[in-house]
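Q: These are the residues of each chain, in order.
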Amino acid sequence: MPLTLRHLAEQLKLEFEGDADLCLTGVASLANARSGDLCFLQHEKYLRDIDGSDCSALILSDKIDSIEIDRAILISSNPQLSFAQAIALVCPDRINRMVMGIHPSAQIAESVILGEGVSVGALCTIGEGVVIGAGSQIGAGCVIEDRVRIGDRCLLHANVVIGSDGFGLVEDNQQWVKVPQIGSVVLGNDVEIGANTTVDRGALDDTVIEDGCKLDNLIQVAHNVRIGAHTAIAACVGIAGSAIIGRNCKIGGAAVVLGHLSIVDNVMVTAMSLVTKDIKNPGVYSSGTPLMENSEWHKNNARYKSLDKLARTVTRLDKLVAESDNQ
Amino acid sequence: MPLTLRHLAEQLKLEFEGDADLCLTGVASLANARSGDLCFLQHEKYLRDIDGSDCSALILSDKIDSIEIDRAILISSNPQLSFAQAIALVCPDRINRMVMGIHPSAQIAESVILGEGVSVGALCTIGEGVVIGAGSQIGAGCVIEDRVRIGDRCLLHANVVIGSDGFGLVEDNQQWVKVPQIGSVVLGNDVEIGANTTVDRGALDDTVIEDGCKLDNLIQVAHNVRIGAHTAIAACVGIAGSAIIGRNCKIGGAAVVLGHLSIVDNVMVTAMSLVTKDIKNPGVYSSGTPLMENSEWHKNNARYKSLDKLARTVTRLDKLVAESDNQ
Amino acid sequence: MPLTLRHLAEQLKLEFEGDADLCLTGVASLANARSGDLCFLQHEKYLRDIDGSDCSALILSDKIDSIEIDRAILISSNPQLSFAQAIALVCPDRINRMVMGIHPSAQIAESVILGEGVSVGALCTIGEGVVIGAGSQIGAGCVIEDRVRIGDRCLLHANVVIGSDGFGLVEDNQQWVKVPQIGSVVLGNDVEIGANTTVDRGALDDTVIEDGCKLDNLIQVAHNVRIGAHTAIAACVGIAGSAIIGRNCKIGGAAVVLGHLSIVDNVMVTAMSLVTKDIKNPGVYSSGTPLMENSEWHKNNARYKSLDKLARTVTRLDKLVAESDNQ
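Residue numbers (the working numbering), protein chains in the order written: chain A, 1 to 327; chain B, 328 to 654; chain C, 655 to 981.
What the hints contain is simulated information worked out from the structure, not anything from laboratory work. Any given hint could turn out to be false.
Facing chain B, from chain A, some residues (calculated, C-beta under 7 Å) [said to hold, decoys possible]:
no., residue
1, Tyr46
2, Leu89
3, Ile95
4, Gly115
5, Lys214
6, Asn217
7, Gly259
8, Met272
9, Leu291
10, Glu293
11, Asn294
12, Asn301
13, Asp318
14, Ala322
15, Asn326
What you are looking at is a predicted structure, and each value in this text was computed from that prediction instead of being measured. We treat Cβ as the ideally placed atom computed from N, Cα and C, and that holds for glycine.
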């Protein structure tokens, strides 16, 4: 049964303007919306896009004047959030039901403890002594190794590996000897882990990802890393052993955090940055160089190799000029 | 039955010189060839390598004078292409038959539609409503999530994930709320996807990879990315959400393309570059710094932190010197 | 039966000081140790941490004076190595038994040859003609494609792919034609490969990883790469086609090695470096720029785009000043 504007407004606890009985049958972007679709508008600059859209209703920021908008509207202080909530109400069938129930092809060890409503996807492997909290969903093809503990309402996407051995090696006479990795991995509640991401077990103590952390695809979390609550990490990031990342941090895609260092709470690291030292103050941090035409890049790179020498020359010249001024 | 030089030439539509009845029993690199083997030679600079090789025949560029070559030859305007075609004729048994038919261990939802001659490898998971076109091959351990559409003659290598949720989050009171990802993924025809690569489903609209795109291993394609036809992407690349990449582009290994930007057709981005802005003109683009001995690198990096200050000093000195010249 | 200090010392061939009958019941880091636990101490600077620890015994470097330490001690020239060996003796139950025996859910082709004591994890796929040497362990969800050869005592973690097709393409009229990949992959003895790492088969010849190499998670090894014995590679590294890496090298996390180049033995490449040319001498190499506050980074990056011009200005000024000095 399609939802009316009034019912949606009630469930989202938003005020609305327009025909209370309007039926909402779908959600879409402004560009692709059809009649019956709900969209959202966060920024005033997109107001002009409404004219070209066939959408029937909009979730609108309460900072935007709605007077000239000829659609039904719902008014929200956080339109993106309200829209996220609306999707589950307007078109529950379109949500990716990654997994439902325990798939019979999953290989689950006898000693595993699954909380209420846990789903385990096709062809998962879950090792001895694993504990998974209520409502968590484990995607197809995941491997959860022995003694890993996963909190409530966690969401692991396909082919994730949790609890693989950390990269612990000792050199002995020019060869590598493996250090047995006897720690485990602990995921808090409401943690989301993207496809093909790997989280290694700790060497002695545990690797820990606290409540509400969100990790994208193809991320490496090494042994004994600790990630503070509500930190979000974009795809392709690598976090080396024993790094400690604070709460509410945002780590951009393909950034690398070296081992045995600390990042305080509320730090943002932009994409592809390399963190080589502790970050002691909240703020935004970056490294890398800008994209250039290849020919320019070659020229500038050639100079980078002697940047120190260049700086010394400038210092010398500066001194010479200052002296000649003083004469 | 081994192939003769004459038969191979006929099938590849190439002219040949030498014994038409010569049996070709294998293919190899010049260095490792044995009697009976076919090799290829693209560049004149490798001509001298023929002497040390035991190969019996060569596919030779039509730009190279064959007069002094004492082997059977096939003459091609694109020797590497002819050689690629020859492999399937000379030694079909050595081609990696990744998958053949539908492996009984694959977990395929009831509503899946498979075209003629589709192969699905061992231990794949294919979700509800997935459509896979004729002749496509899905490698072992792949996870294809609900409603993904894959064109004809596509080749997905092992452990690929297509249709995992995009990394869609809204901040609410210092916590993250998941935005349901209700778009899907559409792969065109003749798309190849490397092992352990991930392609996320779109948030509202679809993620699209057009005809003839070739993606290597361990690549991340985020939600709502659009990759134009015949673009090739090397391993370990990350493409952030809603990036649009043109046709016939080449993205080097471990490059990163940020979200919500556009790259026109015929752009080449070299390895490990970071694309932070639109690329509006065809050409070759790069970022990053050259490899140095670690001690030099430390010195130059220290200077990079004050490059802006250095540049200001140079500007000031330049002005001072110009003024003193004018006096 | 718990181990006594005397027995442990005998088995590790170390001298000890303290109560020979002391029972050792666990291993731990100094910070988390409880009574009965064994720890290790490599560097003098951690000596003061002993006071706050409840550990009962320590493996101590023979370079540290033990006179003031009030715990049982074992004296070693390589405490970390001795500790790694001790773990298996003190708490064998806590070692991650990744796989034991051949899991019935593994899909193993008929022609596979498994050496004595090989373990194959749940839901692995092993293709035709694969040979795996004695004592090797293949983690859950791995895909080992046709004709791959794996030596003795190798350890492959979960979801590893060995023998996927290399990224071999020829351009033909603005489209890509696949080059069949008919080489294979050869892993030596005692090779360890981390979770979700991919190793592609060679185009014509084999991809080779020699004895004792250790690869971390999410690494890409392209076709025809050759990695010398006892080289260690950290997570997220990409190695492009036909690169040759020497023996006893150390490649830092997320570094990239371009194709068709050579690195000699005993080279260390630091994290996130880009190797674009041969490395002909042992040593430590790096590239990249330091992490900065985002506002500083923007300023310095703007200057980097005209670094060559800046250097030319400095050269000109230097010349001018030298000339005016000579007048």
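Q: Next, verify each hint and record whether it holds.
A: So, going through the hints one by one against the coordinates:
The restraint placing Tyr46 (chain A) at the interface with chain B is violated, with a minimum CB-CB distance near 13 Å, outside the 7 Å limit. Interface hint status for Leu89 (chain A): violated, as the beta-carbon distance to the closest one in chain B is roughly 10 Å, over 7 Å. Nearest Cβ of chain B to the Cβ of Ile95 (chain A): about 5 Å, under the 7 Å cut. The hint holds. For Gly115 (chain A), the interface hint is violated, since its Cβ never comes within 7 Å of a Cβ in chain B; the closest pair sits about 19 Å apart.
Among the interface hints, the one on Lys214 (chain A) holds; its C-beta lies about 5 Å from the nearest C-beta in chain B, closer than the 7 Å criterion. The beta carbon of Asn217 (chain A) is positioned within 7 Å of a beta carbon in chain B (closest approach about 4 Å), and the interface hint is therefore held. Annotation: interface hint on Gly259 (chain A) violated; nearest CB of chain B at approximately 17 Å, more than 7 Å. Below 7 Å, beta-carbon pairs count as interface contacts, and Met272 (chain A) has one with chain B at about 5 Å; its hint therefore holds.
Contact between Leu291 (chain A) and chain B, as hinted, is supported at the beta carbon level, the nearest pair being about 5 Å apart and thus within 7 Å. For Glu293 (chain A), the interface hint holds, the least distance from its beta-carbon to any beta-carbon of chain B being 6 Å, beneath 7 Å. With a least beta-carbon distance of about 4 Å to chain B, the hint placing Asn294 (chain A) at the interface is held under the 7 Å criterion. Nearest Cβ of chain B to the Cβ of Asn301 (chain A): about 5 Å, under the 7 Å cut. The hint holds.
Hint on Asp318 (chain A) holds. Least Cβ distance to chain B is approximately 6 Å, under the 7 Å limit. Among the interface hints, the one on Ala322 (chain A) is violated; its C-beta lies about 9 Å from the nearest C-beta in chain B, farther than the 7 Å criterion. The criterion of a C-beta within 7 Å of any C-beta in chain B is not met by Asn326 (chain A), whose closest approach is roughly 13 Å, and the hint is violated.
Going through the hint list in order, the structure does not satisfy hints 1, 2, 4, 7, 14, 15.
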